[in-house]
Structures are given as C-alpha cells and as structure tokens.
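Chains as they are written, first to last, in our numbering: chain A, 1 to 748; chain B, 749 to 1047; chain C, 1048 to 1254.
Derived by calculation from the structure, the hints in this document are not laboratory data.
All values derive from a computational prediction rather than experimental measurement.
You may find that some hints are simply not true.
Derived lysine to aspartate or glutamate pairs resembling EDC-like cross-links, with alpha carbons at most 16 Å apart [as the list claims (entries may be wrong)]: (1) A:K368 with C:E1075; (2) C:K1137 with A:E32; (3) A:K368 with C:E1068; (4) C:K1237 with B:E859; (5) B:K961 with C:E1068; (6) C:K1243 with B:E859; (7) A:K125 with A:E32; (8) C:K1176 with B:D791.
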Amino acid sequence: MAEMKTAAYICSGCGLGDKLDVPQLAKIAQKEGKMALVREHDFLCNAEGVQMIRDDIEKEAVTHICIAACSRRAKTEAFNFPTVAMTRANLREGVIWVVSEGGDHDEVRQEMADDYVRMGCAELKKAKMPEGNPNHTHLKNLMVVGGGISGMTAAFEAAETGYEVILVEKQAQLGGWADKLWKRVPFKAPYAEPQDTGVAELAAKVSSHPLIKVYLNTTVAETSGAPGRFAIKLAQESGAITEVSAGAIVQATGFTTYDINKLPELGGGLENVVDHAGLEVLAKAANGGAIKRADGREIKSVVFLQCAGQRDDTGRHLPYCSGHCCATSIKQAMYFKDANPEVNTVVVYDDLRVPGMGEDFYRSAQHKGVIFAKGNASKVETAGNGCRVNYRDLILDADSILEADLVVLATGQVPSSGVNVVEWDKLTKEADGGSVEAKQQKSELKNISILNLTYRQGPDVPKLKYGFADSHFICFPYETQRTGIYTAGPVRRPMDILQATEDATGAALKAIQAAENASLGRAAHPRAGDLSYPIVRLEGCTQCKRCTVECPFGAIDEDEKRFPVFNEQRCRRCGTCMGACPVRVISFENYSVDTVGNQIKSIEIPDEFSEKPRILVLACENDAYPALDMAGLSRIVYSAFVRIIPVRCLGSVNTIWITDALNSGYDGVMMMGCKKGDEYQCHFVKGSELAGYRMSKIGDTLTGMGLEPERVSTFEVAITDNAKVAGFINDYVAQLVEMGPSPMKGFN
Amino acid sequence: MAKKNYAFYPGCSSQKGASASNFVPSIDVMCDKLDIQLNEIPDWNCCSASIGYGEGGQLSRLVLNARNLALVEQNMPGQDLVSGCPACWLATRETAEKLSEVDSLMADTNEALKEAGLNFKGTVKARHLVEVLIEDVGFDAMKAPVVKPLEGMKIAGYVGCQTNRPFGIAGESFENPQYLDKMIETVGAEAATGYEQKITCCGGALAFSEPEKSQKQIRDIVESAYDHGVDMIVTPCQLCQANVEIYQSEINKKKGTKLAMPVVYYSQLMTVAYGGNAKQAGLDGNILRPQKLLDIATK
Amino acid sequence: MSELNQKAVAKYQNNFLKEVEERVEDGEWVSMCMQCGVCAGSCPLGPHWEHSPQKIFRMIMAGKRDEVLTSDSVWMCTSCYSCIVRCPRKLPITHIMHGIAHYAHRLDVAPKGQPTRELARVFWNNLIKTGRVNELKFSLAVYFKDGFSQGIKNLMSMQGIALGLVKAKRLNPMEIIGGHKCKDVGGIQKMLAKAKEIEDRRQGYSS
Ligand code: SF4
Ligand code: SF4
Ligand code: SF4
Ligand code: SF4
C-alpha cells in the first residue's frame, strides 16, 4: 500500500472567509493537525477547487484528505474522491450558520472552527480508505418461499428483470389463498364488480418462465450463509433433499385465517356461521348461481359481521385491523346480489374501511342494494332454520335483531411467519442451562419454522409486531432484520391482493439489490454502497458474545470455540458490535473506536475559569445530524460550546468515548439518536435502544469519577426536529453552566 | 347602450301590498341604471315555494314551475327567466334541470301542461337577479353609476340559504360566499368581515309553524350583526328580509331583548348609492328604519 | 289505517326500503347514504329533531316504517339545503325529506295536527284557488286553522307585526275582498288535476 500522505483543504467561500480567520485554521491544520499539505481556496467546490484536490491526489500522491468547508452531507458530488480516505470538517452548517452573528461571538466562533479542523485532521489520521469486503460472492439468483399471489409475483417480476428464481411452495399447486377465491376485489376501473382472481394465468406464466424453477410439495429444511451465498436444503414431500443456493431470499408465506371457533359468542362453530374462506367455498360451488348452504338450502338472507375477532382491545383476539376484510365482505355480499338481487344482505360494521378505490366498490354495493348497518354484534345464535344476530344499532342507539340464513364472520389474517425468535432465544438459554423441557420445546418449534436458518439468533426472521415479519415500518418496507431476506405480502403486514402484488414487486427489487451489493462487497440498505465492513482482531477477543447477541441483523455466528464469526454480507455496517465490544477489537476502516476517540481528544479544552464549557455531541447520522444541518440551513442559533461528531448509529457508541471525553475535561456529553421503543425509528432497529441501555449502566462509572449522572444525557431527535434540536442544545448547555465546570478539568 | 332583456318572474311576495313589495321599486331603479330590462312574464303563477311539497306531489310542483317556463318559451323567446326571489329561482331552476334530466317527467309534465294549453321544450334558463348582476353586468359596471357612495356605513352581508344553496351564485363557495360583501363594497360601504351568521338559515319556512325555533335563528343572526357593530343587515332574499326584520319585535317581547336592526335589500343600497330617493329605494317599506341609509338618500 | 296505507303495506310487505325507493321522491338515493352524519350536523333546527336525516335514512334501511312515516321530524325541514351541499354522497336530502313528508301525508299517516303539515295544506289550497299565494288570506287561514277563538288569540298576539306591515304597505287589508290572481286560473286547476292524476297512476294509488 502506498505511504500515507495527508492534506487539508480549507475553503473560504460561502461566507467562511468573512466570518472566520482562515489562515489561522490553515495554521492549525499544519501545526496541530500535522497535515503534510494544507491549502486554502475561496471556492473549493467549484471545478477549479476540485481539480486542485485531484491534482494533489495524482501528482502529490496524497492518500488522505480533510476538507474543511461545508457539512459532509453537502456537495457530495463535487467532493467525490473514491481513491482516498476523506474526512470533512463542518465549518458552514456546523459553525458560521449556527453561531450568533456579530463581533461579540467572533471568539467562540473561531474556537469552534479551530476545533472542527483539529477534529477533521485527528479523524483522518486514524482512517483508511475502505477497500471493500474481500469475500465477494457471485450468486445473484433469488429464492422465493411461498407460491401464492405474493410469491408468484415476486418470482415473476424478478425473472422478468433477468434474475433466476427458485420458487418453493408447500402445496401441490401454486395459487395459495387467492386460488380458493371465487372472485377478487376489483383492482381496475370502474372498481364496481368483483373480478376474476387471475391466479391461473399467473401460475401458468410462472410455471413456464425459463428463469423460474418451481418446487411444489416442498419446504425449506435449512438455510445458511449470507446474501450472495445462501445455501439451502429443500425437503420434498417424498423425503428427498435438494441442495440449492441463492443470492437473496423473498419470504412470501402469507397468512392463515383466525380460527372462528375462538369466537363462540359470534356463532363461531355453529352450523350456519362461516368465515370468508367458508363463504368462498360456497360461492365456488354455486359457480355464479344461487348460493346454497352446506345443507343444500338456498340462502335468502345473509349477514356479515365485520371485525370479528379483530381490533379487539380485550386482549382475547387480534388487536389489529386486517385491512382487506371490509372490501372482502362487500365483494361477498355482491356474490349474493349478483346471483339474485332479492337476497337480503346486511353488513354490520363499526367502521367501514375501504382504502384506495374501495370507496367506489362500496358505493357500487350500495347501488346493488347491500345494506350497511353501523353496529356492534353481541351474540349470534341458532334460530329456526338459520341464525339470529343480536346487535346494537349505533346510529339508532338501540338493541336490534337480524334474522339470516347464513352469518359470515369477517375474521382477520394471522401471519404465517414461523418461529418467534424471542421465544426461541429464551428457550435456547434455558436449554443451554440444561433444561430438557426447553430442548423439547425447541425441537417442536423447529417444526413450524419456515426458513430454518442456521443463524445463532434463531431459525426465522424476527417479528415486528403481532407476529408480522417486518422491520422498519416507516423507512424500509420489505426489509427484515435478516439482511438479504425480504418479506412480501400478508406475512409482512395485513393486506389485500392488490397491495400484496405491489409488495411482492418491491421485495423482489430489494432482494435483487441485496444480491448485487453483496457481489460487489458492499453493504445493503440503508448504507447501500458502503465498502467498509467490520474487521475483528480475534487475538484480543474475550468471547464475551456481546457482539453476537447485540447485532440487530444476526450477522455474527459463533464457531466451535465460541469465537465470533462475522458474515460480512449479512452486516449492515451500523457498528453496533463495535459499540458493544468491551475490549474494542471490532472496527471499520473509516469508522472505529480510534477515528472517533482521536477526535474527542484532539480539541482544546479551556480551563475551568474560562466560563467556556465544552460539550461533546454524538449525533446519529441518519436523523440527528441532518436535523442539525437543517438547523444551520434555517439559521437557527445554538450554543458554540458544543462539538458535534456524527456516528453511524447510537448503537455504535462505545462507552470508552464517553469516559474518555469526561476524563479529558468535557463538561457533558449529549447523545442524539432516533426514537426507541415499540414505535422505534432507529434505522438499525435496536441501536438507540441499546445505547439507552448501555448509558443506564454508565451511572456508576460516573459516580466513581465524582461526576453527576446528568453529565451524560440521551435525546431523541427526528430528522424534522431542526428547531427542537437547537433547543435541546441550549437547554442542556444552560443546565451544565448551572451545574458548574466539570471537576475533571485540569487533571490531564 | 341597448338594454338587455329578461323575462321577469316577480313571485308572490313581491306583488303589490305583499310582504316584499318594497323590493320592487328599488329593483326598478337599479335595473334602469344598469341597462337591464325586466319584462314581467304574462300571467305567471306561484312556484309552490318550499312548503308546497306537503300537499302537492312532485309532478304537481314541476308542472307549476314548468308553466312559467313554458310561458317564457312561448311569449318571450330568447330571454332568460329571471327572479329576484330565491325560492322562485330555486324551484324554477330545479324544475328546468330535472325535466332536462328525466325524459319521462318531461313527458308527464307536458301532458299536464296541455290542459292549460301550453308546452315546454326545455330551452329556458332560470336565473337569479343577482346572477345577472354579477355575471352579465359585473362589479365594475355596478360601480359606475354610484353618485352617493355609502361612506361611513358598516353592513353585515347576510346571504342566507336559498340564494346560496344548492346552486350558489357564480360558482362561489357555499360556506363563505363573497359576492354580497363585494356588492356592499361596490356601493362604498364597509362589509363586516367574518360575520358568523352569513349563511345561517333564518328558519323562514317554519316561521308560522315553529315560531320558537325559527325565532332563535333570527336572534342569532341579529345579535351577531350587533357584535360586529354594523348599521344594518343586507340580504338578497325576501323571506330572510321579512323574517329577520319583522320578528325582532316579537323576540323583544318574549325575551326582553332590544333588537332593532334594520334589514334591507341589496337593491335598496344600490338605489340610494345611484342617487335614488327614499321612496324610489322603497325605504318607506322598511319597518325598522335604516336611518343611515335614509340620511344619505335625503341628503 | 287509511286504505292507501293498507294497500301499501300489503304491496311491499316488509320491504320498506323498496317502498321508499319506488314511491318517495328521490327515494332511490336512500341506500347510498353512508351514515356519516354530516347532514345531521348541518341541519339548523337539527337539535330540535328527534330524527335527523341520517337517522331517518338508517330507519328506512332498518325497515322502521311506522316510525318513519309518523315522524314529526320530516316536517321540520326548512329547505335550507345545507345538508345537500355538504353530503359527501350527494344525496338530495332536502327532496327526500320533503318526499317522505309528502308520502306520509298522502297515505294519511303523518302526525295529525303537525303544524307544518297543516300549514302546507292551507298553503296549497290558497295557491290552487288563484294560482298565486295571497299572503293575507294565507296568514288568516293559518291563524284560524285551529278554530275561530284560537284564531283571534293568535291574531291578537301578532297584531303589532300585522299593523307594522300594513303601515309599510306590505300587507294589504283590501286583499280580503279580491287581491292577486292568475287570469288562467281554470287552466292551472285543470293542469294540476291532470298532474295529480298522472302521478297517482304512476305511484299505483289508482289504476
Ligand atoms: S378491514 Fe374492516 S372488517 Fe377488517 S378489521 Fe378492518 S375495519 Fe374490521
Ligand atoms: S464483543 Fe468483542 S470481545 Fe465480545 S465476542 Fe465480540 S469481538 Fe469478542
Ligand atoms: S334542507 Fe332540511 S334537512 Fe337539510 S339541513 Fe336544511 S332543514 Fe335540515
Ligand atoms: S350527509 Fe349524506 S351520507 Fe352523510 S349521513 Fe347524511 S345523507 Fe348520509
């Protein structure tokens, strides 16, 4: 490798030159930052400035550059030098735009800029240009698990894009749930009539596609590996095992219907009470003619009860809305009206939820004479030859009764998502502790597993809520917490056929992207394209297992000797393992305990009599750092006593940074990250949660150092919180001023 | 300039000696100044108003209105039917639209019309006088004849129901139409902005049968006008004018209030602003004297 | 029960919605109501009603025939059209309300002595006599509809108003012996008789 040669470039454009003493900054870069080359430029991001840097890289053999100008989030196209390691000192958004105007503030403004230049140089000296994961893989095909609408669509779309697909279906034929339907809810204008399901056509297209290999009567017996190199064992009904491999996986295993026997109060279990699935059977049998009950009697009146066992707040049934069932009941009511307009069809609902074009469909049902009654059913009982529905009419505010030949319960979707890995984890611990029972339970659980992952963290993808296999509902649909495995359709969240179709297309594209990135040695979403990857110095490892346990994506397995085994292709580069490791043996080439630690130590700490506190801000680069930049962009002023360092995720914050900072005389540390908890917005799922947990443990250390616990504080910042974040800073600074300078000052 | 001709449908309440009779003289002056020629429809009949539905079936009511339309079609070709009364306008316009939409109703209607020796082909448009002012004349032309701007007067523009709904004037919003305020400003007065009761129903249709309830509506309308510190209320609607003006004394008697808020027609404002005297403006017909307007008229 | 009513019950049996759809003006719209309640919230006299339009429509769908036809509420509509312009489903609510009132009146099951119902009767009689409405006769008829002595009382209570109007020449006492009138009253009456005849035939009241 070429010898390291550093250079710093200090820009005086965008008003930097007016507000700051640029020559002084250059001097600092040279003297303190020890940069081999220091250049000033009055418009660094223009063609000339960029060319100057390029020339240095080429002619002066510069390998490391620090750009002291605007935020690392600005001018990324101009400052794109893929062959060198680079750091950015944020003088524009981070200094001149946020420090109060006027001569009174010249001194603190300049001090802030000085420090950012010191930090940029300090970081640079520890950074390396990422070379990319040397363990490249080359598999770019997909495995799709589940042959329903979602699975078939994912397979077909991927194949049409030119990727090979292995499609695995448990049943003897493709089609899944949709194949059991007489008709589907319309997805084309005028959204007025039930439409053919189109399952047969899609199945035919899939079966005959040259790039799709369909395995029927097949389940997944084992999945190991990582994106770009998944190794899969397929178990045929015959007992034969076929070994295949895939670059990425789409799991489209759908749902089952909620068991109506759990709803005896609504007649679940009675002869003339069915669920949607039961009614589809009757409708298929009728084949467009009059719909008859199981006992052969023609149905003259039917009542649909919406939200049966759904949106339940008693804790006994499904708490969520399955989203499709209002439209499904409307469709099924039309089955009756279309066969015979005289059939009395009543839909008893609490809210009618028909998103999208469902409103037109609803109207069409009203035109056909379907009656909609806002009400709550309390009891369904057998009466005469049919059923009696007791319900509260919520408009007339009266107890009412409906008699019907048949009652249809609109029950919900229960995801077929396999093993709950939290439960699995618990059982693993118990089994490791010697519990025979737990071992037994584990092997039973394994029977319901879908992917049978060999991952240390359990055999299926983790669930987000209510058993649905999703990861980050706002930012990353289709992502699971297992890199390279994407979910689509009702296994991800409740949905109808139309949504499942879109979902499958999205998931297929995501899967392709993951396989492609893996083949280039790069990270998947959200750091897509990142060439850095975790490097571990196993010599120092104490086998504490923290990294394997805490990695949100199950990237790290253990070998027989209980050392961590990094599957780089599964890694999302969040750095959570780096934050976890107590002996600090995990690092990334351009992001490590040292790159940050060195910055922390590089700044000048004024003494305790200066009345100039110093606060370290560790800001998540996904939300908090952009919010801080936005504060600058909107010229929202905040204290010039803070020194901000972006981090990949709060999960990557190693406690050594905090103790180092406090030891070197910082008065406080602010950690800014995304929302945690049930409604988390952490881009790496558990990062901010873990940081919160780790910080809760740091209290003792602080007390041991003779410091108030408030000297370390965590804040939740969303990307839109530009005004709020300035308030956080100012309030915290005020609080620290009140508290007085850190007693650690002057000890170093 | 040549006058524009319209077939005028005065309606029952604007007949001589009827509750809105003071409306007519001001309309005359206003139209004269604006080159509008109103030609009364020969032998027009009642529109059946909003209460006709109780006894009269749908077809009976359609037929009544179709007779007026047919009279225009037959005797006044090319002229739009124009009414100053919202109820008349509404009933006639609804009839014209319904008949053009439903062929069977048109056929039935003509079968009945034959008994009165008439036939309706569906060529006549039913319009409100205010529509003519805004769409055919325009605010600039309405301003031109102003010789006595109504300076120093603050007026609450009370649009009410049927001039506003369901058809509306000149495509304006049903919830906050602006045209009446603009007309107030056109004649030089100040319009009360944010007048809460602008589109409230005066309860007029139930004034006789549900006096308590409709008087509550009137009280709200008047009291809110007081809150805005206005000198008077202006309205385009006969029923509103009559109700809101007439029942104030009743409310005072029952509730011990001291309501005496004058209620005038837009045409009365315009007549005075155009230089007409009190009599021409029909101000003698107001029960609650619109003093400031009288002062300007007699100046 | 009136004969017309008996026949209607027999004809439609339990299907009141169908009865309304076929016989009430704009009744075919009722089933399009989505029960949002916007009309109920827009109705100026709404708070005084037992049954808002929303409720009336729900009652029709729930087959509550007697309750709907005898409801006082359908007579409370002031024809303000607030509901019509706000209904997200564009139901011609005002017309339906009028239509139901008319139908109940036609079957003679509407509430007896309902003031608006009585007024409507008086109004129509007044109109049909001359082709135009004579306000004085109309008002007098209103005041005397409950009998002579009640009429005098009603009249006395409104004396101030009447005198005010007379002074302002907006109520003409001379109308009692004449007043406004269409020339072709005969034609108008024949025309209306014909309209009724056609309508009765269409609605199946007569054959
Ligand atoms: S879609 Fe409709 S029936 Fe299904 S849970 Fe949601 S609200 Fe209830
Ligand atoms: S956290 Fe560090 S010490 Fe612990 S197992 Fe992982 S690499 Fe080893
Ligand atoms: S038109 Fe009748 S029903 Fe509709 S809001 Fe007005 S008063 Fe109520
Ligand atoms: S506003 Fe329209 S849709 Fe809503 S309740 Fe009233 S009639 Fe029904």
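Results of checking the hints against the structure:
{"no.": "1", "hint": "A:K368 with C:E1075", "in the structure": "holds (11 Å)"}
{"no.": "2", "hint": "C:K1137 with A:E32", "in the structure": "violated (75 Å)"}
{"no.": "3", "hint": "A:K368 with C:E1068", "in the structure": "holds (13 Å)"}
{"no.": "4", "hint": "C:K1237 with B:E859", "in the structure": "holds (11 Å)"}
{"no.": "5", "hint": "B:K961 with C:E1068", "in the structure": "violated (31 Å)"}
{"no.": "6", "hint": "C:K1243 with B:E859", "in the structure": "holds (11 Å)"}
{"no.": "7", "hint": "A:K125 with A:E32", "in the structure": "holds (12 Å)"}
{"no.": "8", "hint": "C:K1176 with B:D791", "in the structure": "holds (14 Å)"}
The earlier numbered hints that this structure contradicts are 2 and 5.
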